[in-house]
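Chain H is fixed; fit chain A onto it per the hints.
Going line by line, the protein sequences match chains H and A. With my numbering applied, the first sequence covers 73 to 517. With my numbering applied, the second sequence covers 73 to 517.
You may find that some hints are simply not true.
Same chains, same label: a pair holds when it works inside one copy or across any pair of copies.
[Said to hold, decoys possible] Mimicking EDC-like on lysine to aspartate or glutamate, the simulated pairs with C-alpha atoms at most 20 Å apart in a straight line are:
1. 480 - 288
2. 139 - 119
3. 513 - 407
4. 139 - 128
These aren't lab readings, by the way, just hints derived from the structure by calculation. All figures in this text were calculated on a predicted structure; none of them were measured in a lab.
There are 2 protein chains.
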Amino acid sequence: MIQNLPGFRDFYPEECALRHTLFETMRNCAQHFGFEEYDAPILEPLELFTEKSGDEIVDQLFSFTDKGGRAVALRPEMTPSLVRMVGAKIHSLPKPIKWFSIAEQFRYERPQKGRLRSFYQFNADILSEISIAADAEVIALGIHILTTLGLTAEDFHVRLSDRKLWALFLETQGIPTSLLQPTLAIIDKFDRERPEQFLSPLRSLSADISWESVLENIEHFRSLKRIDALWEFSSSQRPLAGSVSALEQRLQDMACLLSRLHHMGYGDVVTLDLRIVRGLAYYTGFVFEFFERQGDMRAIAGGGRYDNLFQKFGYPDTPAVGLAIGDVTLQMLLEKKALRPQISSCVDIILCFDSPATECLAIKDASQLRQRGYAVTYSISPIRPISKQLKLIKPQETTWIVLYDGEKVLIRRLEPREEHRLHAEEVLNFFPPIFKSPEWKTTKS
Amino acid sequence: MIQNLPGFRDFYPEECALRHTLFETMRNCAQHFGFEEYDAPILEPLELFTEKSGDEIVDQLFSFTDKGGRAVALRPEMTPSLVRMVGAKIHSLPKPIKWFSIAEQFRYERPQKGRLRSFYQFNADILSEISIAADAEVIALGIHILTTLGLTAEDFHVRLSDRKLWALFLETQGIPTSLLQPTLAIIDKFDRERPEQFLSPLRSLSADISWESVLENIEHFRSLKRIDALWEFSSSQRPLAGSVSALEQRLQDMACLLSRLHHMGYGDVVTLDLRIVRGLAYYTGFVFEFFERQGDMRAIAGGGRYDNLFQKFGYPDTPAVGLAIGDVTLQMLLEKKALRPQISSCVDIILCFDSPATECLAIKDASQLRQRGYAVTYSISPIRPISKQLKLIKPQETTWIVLYDGEKVLIRRLEPREEHRLHAEEVLNFFPPIFKSPEWKTTKS
Numbered sequence: 073m074i075q076n077l078p079g080f081r082d083f084y085p086e087e088c089a090l091r092h093t094l095f096e097t098m099r100n101c102a103q104h105f106g107f108e109e110y111d112a113p114i115l116e117p118l119e120l121f122t123e124k125s126g127d128e129i130v131d132q133l134f135s136f137t138d139k140g141g142r143a144v145a146l147r148p149e150m151t152p153s154l155v156r157m158v159g160a161k162i163h164s165l166p167k168p169i170k171w172f173s174i175a176e177q178f179r180y181e182r183p184q185k186g187r188l189r190s191f192y193q194f195n196a197d198i199l200s201e202i203s204i205a206a207d208a209e210v211i212a213l214g215i216h217i218l219t220t221l222g223l224t225a226e227d228f229h230v231r232l233s234d235r236k237l238w239a240l241f242l243e244t245q246g247i248p249t250s251l252l253q254p255t256l257a258i259i260d261k262f263d264r265e266r267p268e269q270f271l272s273p274l275r276s277l278s279a280d281i282s283w284e285s286v287l288e289n290i291e292h293f294r295s296l297k298r299i300d301a302l303w304e305f306s307s308s309q310r311p312l313a314g315s316v317s318a319l320e321q322r323l324q325d326m327a328c329l330l331s332r333l334h335h336m337g338y339g340d341v342v343t344l345d346l347r348i349v350r351g352l353a354y355y356t357g358f359v360f361e362f363f364e365r366q367g368d369m370r371a372i373a374g375g376g377r378y379d380n381l382f383q384k385f386g387y388p389d390t391p392a393v394g395l396a397i398g399d400v401t402l403q404m405l406l407e408k409k410a411l412r413p414q415i416s417s418c419v420d421i422i423l424c425f426d427s428p429a430t431e432c433l434a435i436k437d438a439s440q441l442r443q444r445g446y447a448v449t450y451s452i453s454p455i456r457p458i459s460k461q462l463k464l465i466k467p468q469e470t471t472w473i474v475l476y477d478g479e480k481v482l483i484r485r486l487e488p489r490e491e492h493r494l495h496a497e498e499v500l501n502f503f504p505p506i507f508k509s510p511e512w513k514t515t516k517s
Numbered sequence: 073m074i075q076n077l078p079g080f081r082d083f084y085p086e087e088c089a090l091r092h093t094l095f096e097t098m099r100n101c102a103q104h105f106g107f108e109e110y111d112a113p114i115l116e117p118l119e120l121f122t123e124k125s126g127d128e129i130v131d132q133l134f135s136f137t138d139k140g141g142r143a144v145a146l147r148p149e150m151t152p153s154l155v156r157m158v159g160a161k162i163h164s165l166p167k168p169i170k171w172f173s174i175a176e177q178f179r180y181e182r183p184q185k186g187r188l189r190s191f192y193q194f195n196a197d198i199l200s201e202i203s204i205a206a207d208a209e210v211i212a213l214g215i216h217i218l219t220t221l222g223l224t225a226e227d228f229h230v231r232l233s234d235r236k237l238w239a240l241f242l243e244t245q246g247i248p249t250s251l252l253q254p255t256l257a258i259i260d261k262f263d264r265e266r267p268e269q270f271l272s273p274l275r276s277l278s279a280d281i282s283w284e285s286v287l288e289n290i291e292h293f294r295s296l297k298r299i300d301a302l303w304e305f306s307s308s309q310r311p312l313a314g315s316v317s318a319l320e321q322r323l324q325d326m327a328c329l330l331s332r333l334h335h336m337g338y339g340d341v342v343t344l345d346l347r348i349v350r351g352l353a354y355y356t357g358f359v360f361e362f363f364e365r366q367g368d369m370r371a372i373a374g375g376g377r378y379d380n381l382f383q384k385f386g387y388p389d390t391p392a393v394g395l396a397i398g399d400v401t402l403q404m405l406l407e408k409k410a411l412r413p414q415i416s417s418c419v420d421i422i423l424c425f426d427s428p429a430t431e432c433l434a435i436k437d438a439s440q441l442r443q444r445g446y447a448v449t450y451s452i453s454p455i456r457p458i459s460k461q462l463k464l465i466k467p468q469e470t471t472w473i474v475l476y477d478g479e480k481v482l483i484r485r486l487e488p489r490e491e492h493r494l495h496a497e498e499v500l501n502f503f504p505p506i507f508k509s510p511e512w513k514t515t516k517s
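For reference, chain H alone in the conformation it holds in the complex (with noise of 0.2 Å):
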């Protein structure tokens, strides 16, 4: 037998059902914020992903050439193919961009929990606007998310941190701008292992910093959790000139971002945390991650400001901040919490018949009650007795069942309690039209 790949997944109709129920919830809570809904091809170019995504990412990529020759990669992330799409028609699309998707993405890793080779993802991005409002908009959104999957500020928390920040910080340490990103993505892996152990790879990046004195200013400058103790602290390292004033200013940005949130009512949710550092380089400014409160957990969300991707891309300059929620996490925490949401067959009236007479009667009530909006279903297989069909079928109190009997039918519900008894042609007068969104609603119509 045939089974599927490793670290991919069916879905089979409850787990779908829960995966359409989750993608609903979000893309309703994304419209709450005004956010527009976007999508694109789930194979790209290579060079999409290759020349402006971390080395972490290329090394995990899906890649092939295709039958005519091109080389091409399955995505492994969203804001490649949302940057190419928003630079094509930067100059017609109105400002600020706010976008959202929830789609499939590919990493070839070590299939593990919560970490999967496919894996769905939404992403939330407000792009063209350099205001902390956006990025306050997008970790508002993601809080926003997950309170109404019913998630409290008991179960999750939000890590917020700064690359500039660090930048800032890092040029107090004597580190020149080109060891920034190197330096950062060391920084980045310092939770993973003891900090002593990095000494050797930040030790080759440069012979001629002290490395051992700015580890141990490191390591105090990224356990401080209070802006000011941030500012006592980076203000009382050997600044270079030009330094204080741009940390300061920093400072009181991040102080109103922090601000505006708790007006927001999420001052319980957000806290400064500069141990986050994200593994992407292509950030530049508040980066943050959504995790479990307690338990060691991978990140459930996380994001960013990426001011400068646009123009890497060729593209005209353009801000941008954006979030992404992975699926695995999520709904890894919603089990353990306990909020796995109650799934119900949504079959609305079933028709039981045990005549050719009456089943003929019974499909064509059936066709006109779908026509109508309800979910209709009877049996298919060859005619049975009425109590055998009543046997099989499991239908939930408040579903309605038709009981055919040559011209008679009797229809029953059990929650709330009711039974008729009509002659066969009043079953469509008993079950007026309902409407369930979504409609199709054409100019025409």
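Below, chain A alone, put in the same frame as chain H:
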């Protein structure tokens, strides 16, 4: 600038909203028929597709070797994955199995009108039910979807054919069972070129058959549109033992299927048309294709019975019948018939403010209103005069505009026209909680 790949689509917000509405309508229709949704990985082991699909599909695979040395392919169709998933749980799933999916699929062919390299397909299948009622049910679901989208019997029709009848007829022509599939594969191409051109490939199948007279009979047979005419002509052919009663029985089954569709109200949509054969080799019984009634567009939908596929994959024998609707030709037809729906932005409330103090009130209210189920937006750019904000927004007539002015607010709407002056603290009272589907309902909440 990097472009997307040929034959792949970017979905900008307008197209993405249209796609979502289309898929939700299809999903709704399938649920009205009591079908449950499933999904399988987009990437599957290559052998899943090479072993049982037709040669044409195998030639068009996006296939490659993954980093772990596995031969893999992007799915070109859904049926093999469906068989794999159902086969693995065939003993525990309640019968009959009625499943649907809406899934992206990939074929490397020349991009042209109505054919892309990536497309979406709605698939619905009934498994483990041999009765003709199952065939009728999937055809009816296809018709229900198209009519729900606004198409009528004047716009499209279903051409119904039968590979079993074809097999019985070819038997009367002295064609051995071993040549049945290759002969049908050639007959499938009759509509694209003149039948005479197929004499040479037919002759290469067997030198013992007088193909010229057989070809004449085949041409006559496939032109017949009525069951009595089919009976008259088929039974007049050199019958082999047993074929006559089998033919008679099969024509009765066909009459029964047509009558059932007639009772469902679809008599004017379905026509007998033996020119339909279907390309895929795995069909074993009734087959059908949905076409625009006038015009030369490709088929919008197609399907049929494939009772042997589970066994071919090594699973227990399981009768099956399915339907597939492609999104590309369907959307072309909807455009042509002016049935593209109106997609409206769904912002309920726009908040306007012109000072840090009123901004603070507004973002507090926004957060609460979004939690109450409203879609709310406001300017996230640096504060501008309200007159400028009003110029930039294009609210729908039903959108509420809330203007913050110190401690007062003006709330207004165009349609139906309303205007209210309130204290800023009263905004939340003005908008009571609303609940939009879907709701995330857990046992906990």
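Checklist entry - At most 20 Å between C-alpha atoms: does residue 139 with residue 128 qualify within a copy, between copies, both, or neither? => result For residue 139 and residue 128, only the inter-copy Cα distance (14 Å) is at most 20 Å; the intra-copy one is 27 Å.
Checklist entry - Should residue 480 paired with residue 288 be assigned to within, between, both, or neither, using CA atoms and 20 Å as the limit? => result Close neither inside one copy (87 Å) nor across copies (53 Å); limit 20 Å.
Checklist entry - Given a CA cutoff of 20 Å, do residue 513 and residue 407 count as a within-copy pair, a between-copy pair, both, or neither? => result Answer is between; shortest inter-copy Cα gap is 13 Å, intra-copy 38 Å.
Checklist entry - Within a copy, between copies, both or neither: where do residue 139 and residue 119 come within 20 Å Cα-Cα? => result both (17 Å within a copy, 18 Å between copies)
Consistency with the previously given hints fails for number 1 only.
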